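Enquirer: Each chain, written out:
2 protein chains.
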Amino acid sequence: MRVAVIGVGMTKFGKHPDKSLVDLFADAFFEALEDANIELKNVEAIYFGNFVGEMTDGSANLSGFVADEVGLKNIPAIRYEGACASSSVAFREAVRAVKAGYYNCVAVGGAEKLLSAGTAIGTRALATAVDGVYEMTAGLTFPGVFALAARYYAKKYEIPLQKLREMMAYVSVKNHKYGAVNPKAQFYGKYGDLKVEDVLNSRMICSPLTLLDCCPMTDGGSAVIVANEKFAKEVGGDPVYVLGTGQASGGSLFRQGEDIIKAIPRKIAAEMAFREAKITPKDVDFVEVHDCFTIAEIIALEAMGFFEYGTACYATAEGVTSIDGDLPVNPDGGLIGKGHPVGATGTSQIYTAVKQLRNEFKWNQVKDARIAMTDTLGGDFGTLVNIILGVD
Amino acid sequence: MRVAVIGVGMTKFGKHPDKSLVDLFADAFFEALEDANIELKNVEAIYFGNFVGEMTDGSANLSGFVADEVGLKNIPAIRYEGACASSSVAFREAVRAVKAGYYNCVAVGGAEKLLSAGTAIGTRALATAVDGVYEMTAGLTFPGVFALAARYYAKKYEIPLQKLREMMAYVSVKNHKYGAVNPKAQFYGKYGDLKVEDVLNSRMICSPLTLLDCCPMTDGGSAVIVANEKFAKEVGGDPVYVLGTGQASGGSLFRQGEDIIKAIPRKIAAEMAFREAKITPKDVDFVEVHDCFTIAEIIALEAMGFFEYGTACYATAEGVTSIDGDLPVNPDGGLIGKGHPVGATGTSQIYTAVKQLRNEFKWNQVKDARIAMTDTLGGDFGTLVNIILGVD
Numbered sequence: 023m024r025v026a027v028i029g030v031g032m033t034k035f036g037k038h039p040d041k042s043l044v045d046l047f048a049d050a051f052f053e054a055l056e057d058a059n060i061e062l063k064n065v066e067a068i069y070f071g072n073f074v075g076e077m078t079d080g081s082a083n084l085s086g087f088v089a090d091e092v093g094l095k096n097i098p099a100i101r102y103e104g105a106c107a108s109s110s111v112a113f114r115e116a117v118r119a120v121k122a123g124y125y126n127c128v129a130v131g132g133a134e135k136l137l138s139a140g141t142a143i144g145t146r147a148l149a150t151a152v153d154g155v156y157e158m159t160a161g162l163t164f165p166g167v168f169a170l171a172a173r174y175y176a177k178k179y180e181i182p183l184q185k186l187r188e189m190m191a192y193v194s195v196k197n198h199k200y201g202a203v204n205p206k207a208q209f210y211g212k213y214g215d216l217k218v219e220d221v222l223n224s225r226m227i228c229s230p231l232t233l234l235d236c237c238p239m240t241d242g243g244s245a246v247i248v249a250n251e252k253f254a255k256e257v258g259g260d261p262v263y264v265l266g267t268g269q270a271s272g273g274s275l276f277r278q279g280e281d282i283i284k285a286i287p288r289k290i291a292a293e294m295a296f297r298e299a300k301i302t303p304k305d306v307d308f309v310e311v312h313d314c315f316t317i318a319e320i321i322a323l324e325a326m327g328f329f330e331y332g333t334a335c336y337a338t339a340e341g342v343t344s345i346d347g348d349l350p351v352n353p354d355g356g357l358i359g360k361g362h363p364v365g366a367t368g369t370s371q372i373y374t375a376v377k378q379l380r381n382e383f384k385w386n387q388v389k390d391a392r393i394a395m396t397d398t399l400g401g402d403f404g405t406l407v408n409i410i411l412g413v414d
Numbered sequence: 023m024r025v026a027v028i029g030v031g032m033t034k035f036g037k038h039p040d041k042s043l044v045d046l047f048a049d050a051f052f053e054a055l056e057d058a059n060i061e062l063k064n065v066e067a068i069y070f071g072n073f074v075g076e077m078t079d080g081s082a083n084l085s086g087f088v089a090d091e092v093g094l095k096n097i098p099a100i101r102y103e104g105a106c107a108s109s110s111v112a113f114r115e116a117v118r119a120v121k122a123g124y125y126n127c128v129a130v131g132g133a134e135k136l137l138s139a140g141t142a143i144g145t146r147a148l149a150t151a152v153d154g155v156y157e158m159t160a161g162l163t164f165p166g167v168f169a170l171a172a173r174y175y176a177k178k179y180e181i182p183l184q185k186l187r188e189m190m191a192y193v194s195v196k197n198h199k200y201g202a203v204n205p206k207a208q209f210y211g212k213y214g215d216l217k218v219e220d221v222l223n224s225r226m227i228c229s230p231l232t233l234l235d236c237c238p239m240t241d242g243g244s245a246v247i248v249a250n251e252k253f254a255k256e257v258g259g260d261p262v263y264v265l266g267t268g269q270a271s272g273g274s275l276f277r278q279g280e281d282i283i284k285a286i287p288r289k290i291a292a293e294m295a296f297r298e299a300k301i302t303p304k305d306v307d308f309v310e311v312h313d314c315f316t317i318a319e320i321i322a323l324e325a326m327g328f329f330e331y332g333t334a335c336y337a338t339a340e341g342v343t344s345i346d347g348d349l350p351v352n353p354d355g356g357l358i359g360k361g362h363p364v365g366a367t368g369t370s371q372i373y374t375a376v377k378q379l380r381n382e383f384k385w386n387q388v389k390d391a392r393i394a395m396t397d398t399l400g401g402d403f404g405t406l407v408n409i410i411l412g413v414d
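Those protein sequences? They're chains U and B, same order as listed. So in the working numbering the end of the first sequence lands on 414, straight run, no missing numbers. So in the working numbering the end of the second sequence lands on 414, straight run, no missing numbers.
Calculated directly from the structure, the hints in this document are not laboratory data. Treat the hints with care, since some could be wrong.
The list treats identical chains as interchangeable, and a pair is accepted whether it falls inside one copy or across any two copies.
The calculated DSSO-like cross-link candidates involving lysine-lysine, where the alpha carbons are at most 27 Å apart (straight line), are [said to hold, decoys possible]:
1) K384 <-> K217
2) K389 <-> K284
3) K63 <-> K212
4) K389 <-> K300
5) K212 <-> K384
6) K300 <-> K284
7) K212 <-> K34
8) K389 <-> K212
9) K121 <-> K300
10) K252 <-> K121
11) K252 <-> K199
12) K300 <-> K63
13) K284 <-> K63
14) K384 <-> K185
From a predicted model like this one, the values you see are computed outputs, not experimental measurements.
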């Protein structure tokens, strides 16, 4: 029996100081429930992704609180934590549980509050996604991880660093352009006409990455309803089927060494998803990838098999990943333009994919899209999840 | 196809200042691997439970690091966080994934460091398992939650508080007696001959609960190997089968109100497990319950269906839950005697159950045990998991 996504919801991404994590999930959940056109009692379990609720809301053990908040106290509710991939892990496990016949219909989602936690707590919280005993204590934060990756990419593929910076900047220009027209995006109405020079000349965060090479800190929630094909057909609507999923893990950065720009766990996860979907990268109409930094989008596209290693930077600069290119990437703005409320990011990618495949993504629709792929990266390649979705 | 536990391991519970969370899991994992008599390559996925690694080790996103540490980088590794029930949730999901045919053999476990984090960080971390926005901020910590429960229990069932305190003290006397002879227990060799008066007269923590009514803070790791029946029979040994599992959720304490002593999510989870196992409470030979406080063991036994509401306190004081009584409870010392390294507690209960059912628990063996049940409580009834295990 196939498994489908039958409803999606998300809050506006941005700053929500007056909402708790539970509130943000609930807002997205009820939008998804209405979108699916089902009743509350149809939801048999909740799969919830959150990264650092204990540090921002003072709350761990959140799954029971979110279940209670939406009126589903007593059902099984599970929290998944895989850093930025938290709700993607939750989604994959939910799909597998429905496929196995344990449930007809479940809710999956995530929430995070980082922007309203402030830079000090937010930065400290995000840093816990790297090895906390040996690496974070040496001062490693995420701009540092990806600055290292950018420098190693330039060296390995013999690209002058300034030339790579210009190609990376195109990722920011593109994703901000798409985020600027997405009303749910954190930078809606902003940065829509950035130039490469703007990115190069913005404030240096961790050389060679400037502020505009980085995704922002974000508050937000997202949720989707997952059901088996029988249930999906009973409630009507336009089911979007899960064609394949993959997941793999990495270890500490020290042990990954030079493999960091090859993103081996992502290669494994993507191949797993392609195998299950019985398709190849050529069959994918557009992708939502984890562009936490501009260089991250380039690395992701290579490891997923869309471009040879060392070449996605050129393809990007040539416009191949634009919405009118061969492989549109992040048509919703990605993490850079849409924002990155960590625990909510994975299911927000599913939100975009589903809206696009239903031809409902009115603010930036990819033409004739039938197959979409998502990619979420937890930490410095600690947790990788890829999902392939499609319509009949 | 049935699902079995084919290997178990755990560190000594206690203080491990020189070990990281990853180290503690790895130690338990290799013991379980050896116990199962399998090779590393047989393990296809890791299900890992941890509560507050971000606050004690500075590490979230731990599943990839534990996979890397044991030599299994690249396989799917998932972190579950459900407070004190973290590794029980992980275990239940692992069992269901194996039963569904996704894997032949997986590892499940957990780790936590609270004792070596110190009282200030430990208490702050533990408090995140209650509602962090409205309840923890009002000063609610876990001794407070269970002190409220004890007072409400006394009122509801019209038991003079001093009389209830004496009956509760028997839980501490019993569990410390069993912990004192368990070499893996935090209080091995200590408190083996406590008297009820010792418990009543120990330092008051949160009235009516004294220090000896409370479980300690603990560092430790535990791990088990879960496999399908075919694989289990191929590798030999003594498989212990998973007969049934259940899980349910609660919400904030404010909304639970008077239901706190009925532990409704636990009633639902236990009934789910009994239904799946096709047995009743009468068929269970012994139980490992979540005695974070003495009153908690009493409440647990009632909600699970072993005693009528308001009566488990009398049964306990009469010795029914002693190892030579009708229903031995916590023959390994429970959380009170063995210790409570939160993320490791659930699979440490499975460790005891399996060793007992194999007739290998040499330090306190329950006679002729064929069916065991475990119970783990995450937070103030936020996450409840019950597991039933048995041998042919």
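Enquirer: For each hint, tell me whether it holds in the structure or not.
Expert: Right, here's what the structure says about each hint:
no. : hint          : verdict
1   : K384 <-> K217 : within (25 Å within a copy, 72 Å between copies)
2   : K389 <-> K284 : neither (31 Å within a copy, 56 Å between copies)
3   : K63 <-> K212  : neither (40 Å within a copy, 50 Å between copies)
4   : K389 <-> K300 : within (23 Å within a copy, 54 Å between copies)
5   : K212 <-> K384 : within (18 Å within a copy, 68 Å between copies)
6   : K300 <-> K284 : within (23 Å within a copy, 50 Å between copies)
7   : K212 <-> K34  : within (15 Å within a copy, 56 Å between copies)
8   : K389 <-> K212 : within (24 Å within a copy, 71 Å between copies)
9   : K121 <-> K300 : both (17 Å within a copy, 24 Å between copies)
10  : K252 <-> K121 : both (11 Å within a copy, 22 Å between copies)
11  : K252 <-> K199 : neither (39 Å within a copy, 55 Å between copies)
12  : K300 <-> K63  : between (35 Å within a copy, 26 Å between copies)
13  : K284 <-> K63  : between (45 Å within a copy, 23 Å between copies)
14  : K384 <-> K185 : neither (35 Å within a copy, 68 Å between copies)
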